[in-house]
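Asks: Protein chains in written order, with numbering that gives the first Met the number 0: chain A, 0 to 653; chain B, 0 to 507; chain C, 0 to 143.
Simulated from the structure, these hints should not be mistaken for laboratory data.
Please read these numbers as outputs of a predicted model, since none were measured by experiment.
Among these hints, one or two may not hold up.
Claimed, not checked - No more than 16 Å apart at the CA atoms, straight line, and that leaves these computed lysine to aspartate or glutamate pairs for EDC-like:
no., chain 1, residue 1, chain 2, residue 2
1, C, Lys-130, B, Glu-34
2, A, Lys-367, A, Asp-306
3, C, Lys-131, B, Glu-34
4, B, Lys-157, B, Glu-106
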Amino acid sequence: MTPSLYLWLLPLFPLAGFAINGILGRRLPKAAVSAVALLFPAAAFVQVLWIVARAHQGLALPYLERFATPWIAVTGFHANFSFLLDQLTLVMLLVVTGVGLVIHLYSVGYMAAEDGYWRFFSYMNLFLFFMLTLVLAANFLLMFVGWEGVGLVSYLLIGFYYTKDSAANAGKKAFIVNRIGDFGFLLAMFLLIAHFGTLSFREVFANISAHPDLQGGFLTAIALLLLLGATGKSAQIPLYVWLPDAMEGPTPVSALIHAATMVTAGVYMLARAHVLFGRSPLALAIVAIIGAATAFFAATIGVLQTDIKRVLAYSTISQLGYMFLACGVAAYSMGIFHLVTHAFFKALLFLAAGSVIHALGGEQDMRKMGGLRKKLPVTFWTMTAAVFAISGLFPFAGFFSKDAILAATFETPGEKILWAVGLVTAGLTSFYMFRLWYMTFFGSPRYDESSAGHGEHGPHGVHESPWAMLLPLVILGILSLAGGWIGWPAALGGHDWIAHFLDPVFTSASNAQLVVPSAADFRLERILAGVSMLVALFGWWLADLMYRRKPQLADSAEQKTRPLYTPIWNKYWVDEMYGAVIVRPILALSRNLLGRGVETGIIDGANTAMTATASGASSGIRRMQSGNIRSYAGWLAAGAAAVLIVALYLSHSF
Amino acid sequence: MNEPMTPSMIAFSPALRILPEILMTLTGVLVMLVEAVLKPRTSRKPLGIVAILGTLAAIAASVYQLFLPAGTAFFGTVQSDAFSVFFHLVIGCIVLVTLLISLDYFEGHTSFVGEYYALILFGATGMMLMTCSVELLMVFISLEISSISTYILAGYRKRSATSPEASIKYFLLGSFATAFFLYGIALCFGATGSTNLYEIAKGVADGASPLLLTVAFGMMLIGLGFKVSLAPFHVWTPDVYEGAPAPVVGLMSTAPKAAAFAVLLRIAYGAFGTAIHIWMPLVWIMAVLSMTIGNLGALTQRNVKRMLAYSSIAHAGYLLVAFTALAPMGIAAASFYTAAYAAMNVGAFGIISYLSGYNEARTSLSDFAGIARRHPVAAAAFAVFLISLIGIPFTAGFFGKFYVFTAAINSGNAWLAVLGLLNSGVAAFYYLRLLAQMYMVPVEPPREADTAHARPAFILAMAILVLAVFALGIFPGRILDLARAGAATFSGPANAASQTVPVALLRR
Amino acid sequence: MLCAWTVSLMQTPNYFWNYVPLLLQILAAVGLSSFIVLASWLIGRHRPGKVKLSTYECGMVPQGDARGRFSVRFYMVAMLFILFDVEAVFMFPWAVIYRKLPGITGSRFFGFWEMLVYIGFVLVGYFYIWKKGILEWSKDQADL
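Whole structure, please, built from the sequences with the hints as guidance.
Replies: This is how it looks when you write it as structure tokens:
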């Protein structure tokens, strides 16, 4: 019997932090709140390191830990309360606790002046609890528990600045859009229960593996429904709309939840369910197409955004698209690899952006920045590492993972178009990231020196952030540079370490990946790497041209490409479309169905257009809720008549 | 029918089959008599405590019934089995918590509150009796006992205008609906010559006058559909819930519903089990209608009580989804859902009764703005109940829905589950709006003195409910086992009588 | 003859034939009553006068509107009267079959105790209204 790893402790650490800060935080001094908030995630991180050490000493993976057997047992299926540890989980654990801890540290500095300090940290710890549950879960049900939980905390944290109306609405939007994804996830679970009678990863996948003849059919249905869930959580087409709005939350939240961890849960889920997807080529193809399309689509929007956090939001969507693309071509370990490097550099980008915003007293518009290179040196240099990483410049982290995905796509038969899309997106990425870089740190200052800086810092104006914020920047900066080396490809003289590490998890699915590469393959890979490097450099050159050397060029380009520019500037009117096609009809139905007691002005935005449609139509149905008892009795009688008629009709038809 | 004297039955008196009801009645009578002799101005709190003790005794008696072999008594009119015990426990716990919430609610506002306690106890007697009746006339009588009590309770805030209005509306429409139920019973008797559910089941299986039986089932569905506020018989719900005192709404939106659903389960699966093709489409349609109308209605409400009224219509719809599943799983899912729904809804209305005060002047959505700052603990409890109503994991609401929809899909009703899930997606919107009001809207100074301060009994009640919400969500095992044992009693009259309830359930 | 006909009808398979006697009963009742009214209207002479058209031809002279308001106590007393009346009615069928009850219930005293329980509840109700002062017309209690 394998010795216990005490996995159950892992999520309990942050839960304890949540409980302490949530219950007592209001009365505790700030220092104590910070100590609690840092200590418990740190403890979790230490335990993860301990587990890594144990794994290194030859602990047999996968390792399963059960707590309540059976947790739920009903006719037809049962589920255990159990945690599963394999290489994939281990990687995720490291990212979640490691990056999580760093961002917690950063938040101590960033949120220092905010109201509700304790509230913020209790939510953050709660988030870690749910995220760890999600990652550790050994069955779909428990995974869903974490899945919903992180969504809930995300909702709470997006709406953290509750005095802002837009923040509360953004939170709601995130939650509702995710409900659509959850709907898919839940249905997938029901189908799994109906077909396999279990939700345990092991049993379901073993069951599928035991039946080689199972192909497509209901497996495709399940896979597509899971995919719907993943698109919700990971902000992919068609459910990406919530993520840009989610930037209303505090910046550390954007870094932790909406860049590094929660939004990658969808990718994790796809990787976890790879056995299922492996049996459905159709579903896999759709995953790849969604990934490539989202990557490209979001990158184009990112090109024109002026809000620094929104640029990063769209770039997150785009990078998540890469991960989906990787999963879609069955290169799961590449997807997870990109997930890891992305967690490093995207968290860093957000944190550095936060540092800039912090320095400018809350300014997020890049048109009002510029020339900050000298004033914020540490921020500048770390940000530079992140920009280089995301643009895919050698030898930064992003280069290795993005290149691996592109190479895998290229080598998959029939996916050359997706590869081309990915390559163009890489160029776009490089372009808008360097655009951000130049607009923020180069050129002449466009900000208002007197209004910048936090009030209590006195008249110092723009200043570098405190050490609690800079240390995380430096750590993540180093990781953005070196973090990708774990996947240094064999073609470039490395060992492909991460791919080999994850292989035991994915062997059954990625049979094509196990073929020993030949020298020709290596040559091809090197060429591909060179091409993508060139594309990235081209993006850099273009940004350099338009935003540093000849700024007027940007304006003239805008004039010349008006037909292209307008839809992109308006983000393709997707939000408006959803409003018109889904939100308004539902509201109209609700209003017309129940006339009495309905006031306007309840649901944001959709009212003015509503009134016109609502007032004219269907005054007959309106009377349903008149408050008049005779009409109620009338409705009752009518309903009774309807029921009897239906009953009689049915009894005749049988 | 003459079974009380068979040798196996001599061991215990038939009265043990209705022991919880007897205890409730006696406590009610006691409270009522003492109320009559007490001086008008003296506090009625001791009476409330007596009522609580009586309820506790009834709960204990229900648990004791688990140790009896399942069987009928009083000439085959009542049957105590795991199913009835399950609902006895649910109703008993609802009543217990409601009494705790009410203990201080009327203090200083209304005199003669002893009547209130007595009415709750009598109503609970009726509801409990409903769940263990296997004889339609008995069902009808107990339905009336429970209904009349709730009619009066709805009007218990005598000084306000809305409360009596709610009471009158509930009474008139309720009597109208009950008439349908009675007519359904008459038709059943006409078709099969009996009002005993098992006899009816035989008649249905024999295929006797299908036309008459169809109409009979339709009539009974109408009567019970009114009680559980299923669309299209839901119109009374928002008005009545808005007007009635909040603690009473908590009670009447859960306990009578649980009882009525228990009866519906017994009728649908027990008596009409072989005519499933007749009632399945009806139930299907009503489930979809209720979910949709309830959720769409709640979407635009500004009054929190009205909003929760619509939400209760929707939840009745979710519950009905379980009916479309095949027998044992569907019954267990429906039973479990009543318990889960009871925990969160009684809690929600309890918090409303606390936050909006006796006059219920503060029930609009904007009155809940910034409540989290002024009443952090109450707001947190409310948040738990709302989150459970949304159906977030780790809460009772999630597991209830999960189980119901699993049951539906397993029986091939995937579309119904899809509609239900879509509906619960829409539902998240209005619950979230309330949550956002509480937590994310800047604090406004209250318009009038906010005198709410929690008493120990109230705190205890809320603590019980919050724990129940989490317990049902995280460790639903034991309750599920009981629900499943209850569902198993439906396998037939012969089985039900001979089957021993697994006592091991309690020891696990 | 008619009886034999109905008996033969009742033996026919259709369920609703069972109700033919009931239908005949209804027809007879309606027929007889309409016959009486119609006959008296046809035979009698119609000479309306002021006294004849008054509400109570031989009683009190009505005063005021019939929709005037009464004290709620009238309703209370009326309701209580009906309640106890109906409760007493239950005792008649019980008394009629009392001797047969042991045979029906299988127990010698079951029927006896049941009625005792029932009367006990009625007494409790009686005690309650008495103590609440409903029976005292002049006692004013604000909160009924």
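Asks: Confirm or reject each hint.
Replies: So, going through the hints one by one against the coordinates:
With a C-alpha separation of about 9 Å, the suggested pairing of C:Lys-130 with B:Glu-34 holds against the 16 Å cut-off. The hinted pair formed by A:Lys-367 and A:Asp-306 meets the criterion: a straight-line CA distance of about 10 Å does not exceed 16 Å. This hinted pair checks out: C:Lys-131 and B:Glu-34 have alpha carbons roughly 9 Å apart, not beyond 16 Å. Pair hint B:Lys-157 plus B:Glu-106 holds up; C-alpha atoms about 14 Å apart against a cutoff of 16 Å.
Of the numbered hints listed earlier, not one is contradicted by the structure.
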